[in-house]
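Novice: Based on the sequences and whatever the hints tell you, model everything.
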Amino acid sequence: MSTKKVKRKYKKRYDKLPTVLFFVLPALIPLIVFWIYPISRSIWLSFTNWDFMTPNYKIVGLRNYINLFKDIRFYEALTNTLIFTLGTLFPTIIIGLILALLLVKNFRGNGILKFILFSPWITPTVAISIVWTWIFKVDGGIANKILQLVGMAPYSWIDKSSSAMFSVILVTVWKSLGYAMIFYLSALEKVPGELYEAGALDGASSWRQFFDITLPSISPTTFFLTIITMVNSLQAYDQIQVLTQGGPAGSTKTLLYMYYQLGFQEFNMGKATAVAVVMIIITATLSLIQFKVGEKWVYY
Amino acid sequence: MAEIILKSITKEYENGFQAVKGINLEIKDNEFVILVGPSGCGKSTTLRMIAGLEDISDGELFIDGEKVNDVAPQNRDIAMVFQNYALYPHMTVYQNIAYSLKIKKVPKDEIDKRVKEVAASLGLEDLLDRRPGQLSGGQKQRVAMGRAIIRKPKAFLMDEPLSNLDAKLRGQMRVEIADLYQRLNTTFIYVTHDQTEAMTLGTKIVVMKDGEIQQIDNPTNLFNYPENKFVAGFIGTPTMNFFDATIVEENGNLYLETQDGKITVTEAKETKLREGNWVGKKVVVGIRPEHVMLDDEAHCAFKGEVNVFELLGSNAIVYIDTAEGRIVMNTPHVKKHEHGEKIYLSVLEEKLHIFDPETERTITN
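Just so you know, the protein sequences line up as chains A and B, in that order. For the first sequence, the positions run 1 to 300 when the numbering used here is used. For the second sequence, the positions run 1001 to 1365 when the numbering used here is used.
Some hints here could point you the wrong way.
What the hints assert, rightly or not - No more than 20 Å apart at the CA atoms, straight line, and that leaves these computed lysine to any residue pairs for SDA-like:
#: 1; chain 1: B; residue 1: Lys-1262; chain 2: B; residue 2: Gly-1325
#: 2; chain 1: A; residue 1: Lys-296; chain 2: B; residue 2: Gly-1133
#: 3; chain 1: B; residue 1: Lys-1028; chain 2: B; residue 2: Ser-1057
#: 4; chain 1: B; residue 1: Lys-1154; chain 2: B; residue 2: Asn-1075
#: 5; chain 1: B; residue 1: Lys-1105; chain 2: A; residue 2: Phe-211
#: 6; chain 1: B; residue 1: Lys-1303; chain 2: B; residue 2: Ser-1314
#: 7; chain 1: B; residue 1: Lys-1303; chain 2: B; residue 2: Asp-1321
#: 8; chain 1: A; residue 1: Lys-190; chain 2: B; residue 2: Leu-1180
#: 9; chain 1: B; residue 1: Lys-1102; chain 2: A; residue 2: Leu-149
#: 10; chain 1: B; residue 1: Lys-1104; chain 2: A; residue 2: Lys-190
#: 11; chain 1: B; residue 1: Lys-1007; chain 2: B; residue 2: Gly-1065
#: 12; chain 1: B; residue 1: Lys-1303; chain 2: B; residue 2: Lys-1336
#: 13; chain 1: A; residue 1: Lys-105; chain 2: B; residue 2: Gln-1182
#: 14; chain 1: B; residue 1: Lys-1154; chain 2: B; residue 2: Arg-1130
#: 15; chain 1: B; residue 1: Lys-1104; chain 2: A; residue 2: Phe-211
#: 16; chain 1: A; residue 1: Lys-105; chain 2: B; residue 2: Gln-1134
#: 17; chain 1: A; residue 1: Lys-296; chain 2: B; residue 2: Thr-1092
#: 18; chain 1: B; residue 1: Lys-1154; chain 2: B; residue 2: Glu-1305
#: 19; chain 1: A; residue 1: Lys-137; chain 2: A; residue 2: Ser-119
#: 20; chain 1: B; residue 1: Lys-1303; chain 2: B; residue 2: Lys-1272
#: 21; chain 1: B; residue 1: Lys-1209; chain 2: B; residue 2: Arg-1361
#: 22; chain 1: A; residue 1: Lys-296; chain 2: B; residue 2: Lys-1007
#: 23; chain 1: B; residue 1: Lys-1105; chain 2: A; residue 2: Lys-190
#: 24; chain 1: B; residue 1: Lys-1335; chain 2: B; residue 2: Gly-1325
#: 25; chain 1: A; residue 1: Lys-296; chain 2: B; residue 2: Gln-1095
#: 26; chain 1: A; residue 1: Lys-296; chain 2: B; residue 2: Arg-1130
#: 27; chain 1: B; residue 1: Lys-1102; chain 2: A; residue 2: Lys-105
#: 28; chain 1: B; residue 1: Lys-1105; chain 2: A; residue 2: Leu-149
#: 29; chain 1: A; residue 1: Lys-105; chain 2: A; residue 2: Leu-25
#: 30; chain 1: A; residue 1: Lys-296; chain 2: B; residue 2: Glu-1054
#: 31; chain 1: B; residue 1: Lys-1028; chain 2: B; residue 2: Pro-1219
To be clear, the hints were calculated from the coordinates, so they are not data collected in a lab. For clarity, every value in this text was computed on a predicted model and none was experimentally measured.
Specialist: Listed below in structure tokens is the structure:
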């Protein structure tokens, strides 16, 4: 190839650059300012001993990470995060789907029911968490009143380390159900009726039709909800802060809550950002695994 | 193989609309029955009631002597090919075809053998690993048929199976369906609005309109002896010409008098007209475009001007405006007629159809 040709090729490749930038920059700038820069900065901070208060810090290399991996509280928080994530993921998806299956049929009051079920999603988490602290009150809380009505002993919902995680999961699932339901409703409505008719003629029972036609047809929605619910759970903070503040005895302390405590209560921003970096890696790995596994069960 | 009997079958929806109004139909073993009619005539609803996909509001449905009104679709042993194919999008061609056998828990090697046989008979061997999304319309159609064939059902129901294909493919698939019928030798019930499909495929054609059966007959009789004006107009392309005429008697002979001339009536028709006391009365006359021909001014039944001339190669369609309205002529003479050209037409008397203007039923069959 002559130099002239190479030059021309080079020119051809780059002469559209201004146009490309014109369209891409408006989207790219917020991404850089609010995402790429803070993440890079966090990664950088995780190698320092910054205390969040003073402007000076020293580079400490991998010390924050080494300390973190030696810290038993980190493993507790990691376990709590996994329990919380899985504990919210499966019930949200399964109950959300069941609700959608019930509500996809037209009946009186269907619209109001959908609205009621969806409303927790649009209410701020802090607000609903405050309401739930009242519900969970050992003396006089509605939850225990209901238990008493059916003849059961009152329960320490958020005051005991054995039950606090369950209560936080309960609130989170209750909040996300409507969201999952709305997505499933729209997916279910799009499954062609003819597929069920073909299934019926092929001899498939209702159960068979559900597993062989409905589930595969809505698999892209299930996949989407799995990723979103997982990421939401990993990022859960508000409800933990309001309901339990990570307690009792650290039983509801997730990685994000640990990050908050390290950074803003213990003023150890270096170690806190190390937790944040670990969280990014966990989130990315889990998402990657889901995408890989998803190739086997998601049908577009 | 099955005999299917419909006795006063009615489909009425909750809003009171009757899609099918008490139809009676007997479908014998190995018949290829076509339900044909314009959209909304109730043909698809009838098919879906036979399949069990639609409840029967009134009447009785028998398959092989057994009343099946309340039998679930899966227990009727009937296969159906849908207009949009209804292939399971997440399954491969192989899995689509094998699905019904898998549900019946047929052994795997038996399923494999049968799927391969069916695939070979439909030319699908190389597509077995593909998903429906990767197939063309014609291929999807074949898979849908394969899914039906593999079950060896009592009857095949087809709901406008070719309507999503382009004209050329439709022609090809029509031949393939005819071939399939010859090979399988079982009962076919086929819904279409396309009268070419109806005429070429069916051994028995059921013409429907507004939820009622207009005529049940074989293709030849349906074409030659339509029982009413609707059937006469619906079957045949271009459609039959209709015009008004009065029955007049001159010198002991009956004639159809039009505004432009007189048409003689055959002896058989004359007898019928006299028996029905039609002399002096107005009737509706039908004549197919292929039975209209050029004539001279003195003997013609119509005078008119050429409006459009369509050359189709071996024949030509000429649209002529006359005092009786638009008359269409399908002629083997392909000499071009110019727009506005004066033209004189007569008709083949033995091919005339005469209808009662009130009931629209035929008078002379």
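Novice: Please write out, lowest number first, the hints stated earlier that are contradicted by the structure.
Specialist: 3, 6, 8, 9, 10, 13, 14, 16, 18, 19, 20, 22, 23, 24, 27, 28, 29, 30
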